[in-house]
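Visitor: Protein chains in written order, with the numbering used here: chain A, 1 to 346; chain B, 347 to 778.
Careful, some of the hints might be misleading.
[Unchecked claim] List time: in silico SDA-like cross-link candidates among lysine to any residue, alpha-carbon distance up to 25 Å:
1) B:K623 - B:L419
2) B:K623 - B:I635
3) B:K623 - B:H366
4) A:K329 - A:H291
5) A:K329 - A:G308
6) A:K329 - B:Q440
7) A:K329 - B:S460
8) A:K329 - A:L62
9) B:K623 - B:S460
10) B:K623 - B:P750
11) B:K623 - B:V393
12) A:K329 - B:D736
13) A:K329 - B:V425
14) A:K329 - A:T34
15) A:K329 - B:I635
16) A:K329 - B:R743
17) B:K623 - B:V611
18) A:K329 - B:T734
[Said to hold, decoys possible] What follows is a set of in silico ranges between Cβ atoms, one per label pair, in the way DEER data are often shown:
19) B:R656 - A:T46: 49 to 57 Å
20) A:G328 - B:E615: 57 to 65 Å
21) A:R190 - B:E690: 55 to 63 Å
It should be emphasised that the hints constitute simulated quantities derived from the structure, not laboratory data. Where a beta carbon is used, it is the ideal one built from N, C-alpha and C, also for glycine.
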Amino acid sequence: MSPGTVAPAVAEAVAALAATVATAATVVPVGSRTHWEVGGPAPAGTEVRAPSGVLEYDPAELTVTVAAGTTVGELDAVLGAAGQQCPLDPRDPAATVGGVLAAGLSGPRRLRYGPLRNRLLEVHLVLADGRTVKGGGRTVKNVSGYDVARLMVGSLGTLGVLVQVTLRCEPRPAASEWRRLDVPAAEVLRRAFRPAAVLTDPTGTTVLLEGFPEDVAAERTRLGPSTGAEAPAWPTGPHRGRISVRPALVDRVLADLAGLGIGALGEGGVGTVHVAAPSAAGLDAARTVAHAAGGWLLREAGPLDGFGTDLPNRALMARIKDALDPTGKCNPGRLPLAPVPVGGPA
Amino acid sequence: MCFPRSTEDVAAAVRVAADHGVPFVARGSGTGLAGGATPLDDAVVVVTTQMNRVLEVDPVERVAWVEPGVLNLDLTRAVQHLGLHYAPDPSSQQACTIGGNVGTNAGGPHCLASGVTSAHVLAVDAVLADGEVARLGGTEPDVPGYDLRGCFVGSEGTMGIAARIAVRLLPDPPVVRTLLCDFGALDDAAATVSGIIAAGIVPAALEMMDAEITRAVEDFVGAGYPRDAAAVLLVEVDGLPDGVAAQVAAIDAVARAHGARSVRVAADEAERALLWKGRKSAFGAIARIAPDYYLHDAVVPRTKLVDVLRRVYEIAAEQRLTMMNVFHAGDGNLHPLIVFDAREPGIWSRVHDAGDEILRTCVAAGGVLSGEHGIGMEKRDAMPLIFTPDDLDLQARLRDAFDPQGLANPDKVLPRGSRCGEVRRVPEGTWV
Ligand SMILES: Cc1cc2nc3c(=O)[nH]c(=O)nc-3n(C[C@H](O)[C@H](O)[C@H](O)COP(=O)(O)OP(=O)(O)OC[C@H]3O[C@@H](n4cnc5c(N)ncnc54)[C@H](O)[C@@H]3O)c2cc1C
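Based on the provided sequences and hints, a complete structural model is requested.
Guide: Listed below in structure tokens is the structure:
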């Protein structure tokens with residue numbers, strides 16, 4: 001496939017999608033709906049779906065190009081067959097790659113493998129006016145022009161429809177094991193070298209060790225006896241969200257949430273705290289906890305408002321939105337970009 | 347030209363420029379190789395060298411807040427005693443600033459496993475083109491809305507000036523091993539690069555030096571490089587002891603299977619430091635060969651390294667130029683280095699033609715225009731080689747969103763005519 005254009009295998013589907021986008025009044029990109037409630041409310045409008053399929057994969061490059069509608073499960077199976085991985089790690093592997101990127105939710109192994117935004121090398125998207133454009137490049141290293149790819153991560157479909165992406169992958173670790181420990185997360189972070197995840201829930205700390213089998217064995221010894229080998233359970237409930245705070249504040253946030261009886265799982269060294277509450281009021285209380293710690297809570301499920309806070313640099317973000325989607329037809333409302341209405345709160 | 351001492355100074359300078367509709371250019375140490383910090387016309391140059399304080403280091407969160415004029419190596423020195431380091435290590439790290447690194451999204455040998463600057467910058471307090479200060483990104487893992495920090499890093503001063511920067515620090519690995527692989531044929535060295543990656547190993551660093559540069563470096567530094575090698579690979583692996591030992595053994599095997607004449611593992615820290623000193627002094631070494639050099643920077647898919655390198659040498663031969671290659675082989679980031687004497691009549695046009703041809707070769711192989719030096723002025727007009735007019739229009743709009751007046755380092759990165767509807771661009775098809 002020649003650089004600059006989408007792969008021949010999806011060219012027709014992308015052209016059809018672009019034609020739909022060009023004429024639609026409101027465009028609503030849809031993946032597998034596994035992240036559907038993330039962010040602001042979904043608008044009504046013309047639904048469009050990116051094509052799917054692994055388009056180009058040469059394990060020796062450690063990169064893979066997929067149509068954005070490809071599910072993470074399918075991608076993982078292809079990479080796994082070559083002993084590689086791309087740790088997107090959504091909760092539900094039925095999620096599409098494009099959906100995961102648009103929602104911007106990094107997986108629980110972020111501590112070791114970095115945030116989602118570092119994965120995306122090249123992106124092809126259909127803009128509001130129906131033009132298909134490319135940002136970034138397919139090589140692992142690239143500073144040719146602006147980092148349009150990073151801009152798309154977490155943009156919630158408000159800047160255009162992702163149709164084809166190239167991701168960085170890496171060797172799959174030979175060994176991988178969860179260990180439940182009677183040691184606080186901060187201590188595990190001090191002792192362990194590059195753990196894949198250090199998670200804290202009300203029952204204790206769980207660490208995910210990955211790497212060479214001998215290294216994992218050595219880490220096991222260093223960290224002391226384990227009381228279990230299971231991954232911790234994700235907090236579940238109809239009202240879910242994720243809190244983002246400075247990593248040092250995770251323990252404080254967890255303690256505050258426990259006091260409120262809200263289920264939570266904190267990512268040590270990262271600063272993400274996953275929460276689930278039985279009611280909207282409970283999730284709202286979790287949001288108050290997040291704000292008190294200088295962070296914020298992104299609604300992932302339930303009727304609570306998506307962000308609960310003004311976007312920082314909202315005017316600049318609105319100009320970017322305007323530059324790419326002047327008529328505001330792409331997923332309006334998913335990001336709170338509009339100014340507060342006159343007469344509303346200052 | 348002004349030398350601010352604080353964020354407020356930077357903002358004040360930019361505001362004055364904005365009030366008078368005069369462009370401004372951010373400048374760190376001026377080591378950039380794409381001309382990004384070179385002012386055009388009568389722009390105000392905002393030099394950050396007086397803003398050189400490490401403001402705050404949090405060893406638990408592993409975050410440092412720095413002013414933009416802090417030198418790259420000084421940052422690592424400032425956190426060394428904590429067992430931490432700042433990973434991106436451009437060869438110019440003794441001279442270049444963190445602000446300049448943010449501007450160019452700089453890379454270095456140790457960015458192979460850990461990523462270039464953008465993977466290490468958490469937040470930027472940026473002075474935007476209207477003089478407002480905005481915090482882009484943050485030290486919490488996610489910030490609501492668009493990734494403005496991601497846009498800003500690598501924008502070469504065209505989206506504003508970084509006045510304070512929060513970077514991620516990494517813990518020093520418990521064990522580090524450096525291997526020097528000596529090859530009798532360049533192709534064998536290049537094939538070893540792919541072989542190592544194919545063996546499931548992503549080293550911390552994987553650098554290649556060809557025959558001429560190896561000899562030049564050895565004569566200059568005396569680091570113990572083989573003077574008769576056709577190419578050498580400098581490979582570093584780090585981590586926990588057993589995994590490192592396993593990787594050293596695997597790399598040794600791959601190199602020998604591809605015809606390495608010898609594989610030497612640095613015995614101690616002193617030997618390791620000397621090998622790296624050799625690699626990082628390459629540009630000093632060539633000064634002894636000819637007075638001038640032109641350093642290129644392009645990236646190709648790793649699997650195309652052998653073919654592209656062969657063509658790059660052919661191009662040099664066709665233009666009767668001395669060319670050396672010392673580069674980040676692990677991520678396919680080529681640095682063809684043309685050494686010459688500018689006093690030779692007609693030489694510049696040959697140097698130029700060779701450069702153009704190298705770029706086209708890399709792009710034809712599926713590569714990109716720059717891996718770490720940026721676009722600046724140097725490659726601005728080559729952007730249509732890899733981007734369509736619509737792609738460039740998108741980037742131009744993005745830039746305008748940051749800087750509606752067009753005062754931040756104008757005429758860099760994007761060729762004139764990038765905005766659709768602007769006076770005509772380079773005729774379509776000319777470049778492709
Ligand atoms: C011998 C040699 C070896 C080199 N090796 C490498 C290498 O291995 N890897 C690599 O990546 N580069 C390398 N470089 C290139 C150069 O050192 C880098 O691009 C470096 O990041 C530039 O830093 P600087 O402080 O000199 O920035 P400058 O040259 O002053 O500026 C570079 C660009 O960044 C912008 N800028 C500067 N400060 C700011 C700021 N505060 N906010 C926003 N924008 C800003 C400028 O406007 C300009 O566009 C090398 C250069 C030399 C001479």
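Visitor: All hints are to be evaluated individually against the structure, with a verdict given for each.
Guide: Structure-based check of each hint:
1. B:K623 - B:L419: Answer holds: B:K623 to B:L419 is near 14 Å, not above 25 Å.
2. B:K623 - B:I635: holds (19 Å)
3. B:K623 - B:H366: violated (47 Å)
4. A:K329 - A:H291: violated (31 Å)
5. A:K329 - A:G308: OK: A:K329 and A:G308 at ~23 Å, within 25 Å.
6. A:K329 - B:Q440: violated (49 Å)
7. A:K329 - B:S460: Not OK: A:K329 and B:S460 at ~38 Å, beyond 25 Å, violated.
8. A:K329 - A:L62: violated (36 Å)
9. B:K623 - B:S460: holds (21 Å)
10. B:K623 - B:P750: violated (45 Å)
11. B:K623 - B:V393: violated (29 Å)
12. A:K329 - B:D736: Distance of about 19 Å is within 25 Å: holds.
13. A:K329 - B:V425: violated (48 Å)
14. A:K329 - A:T34: holds (23 Å)
15. A:K329 - B:I635: Since the Cα atoms of A:K329 and B:I635 sit roughly 60 Å apart, the hinted pair is violated (cutoff 25 Å).
16. A:K329 - B:R743: holds (17 Å)
17. B:K623 - B:V611: Holds. B:K623 to B:V611 sits at ~16 Å (cutoff 25 Å).
18. A:K329 - B:T734: Holds, at roughly 24 Å.
19. B:R656 - A:T46: 49 to 57 Å: holds (51 Å)
20. A:G328 - B:E615: 57 to 65 Å: Roughly 59 Å apart at Cβ, these two residues keep to the hinted range, so it holds.
21. A:R190 - B:E690: 55 to 63 Å: Holds, at about 60 Å.
Of the numbered hints given earlier, the model fails hints 3, 4, 6, 7, 8, 10, 11, 13 and 15; all others are met.
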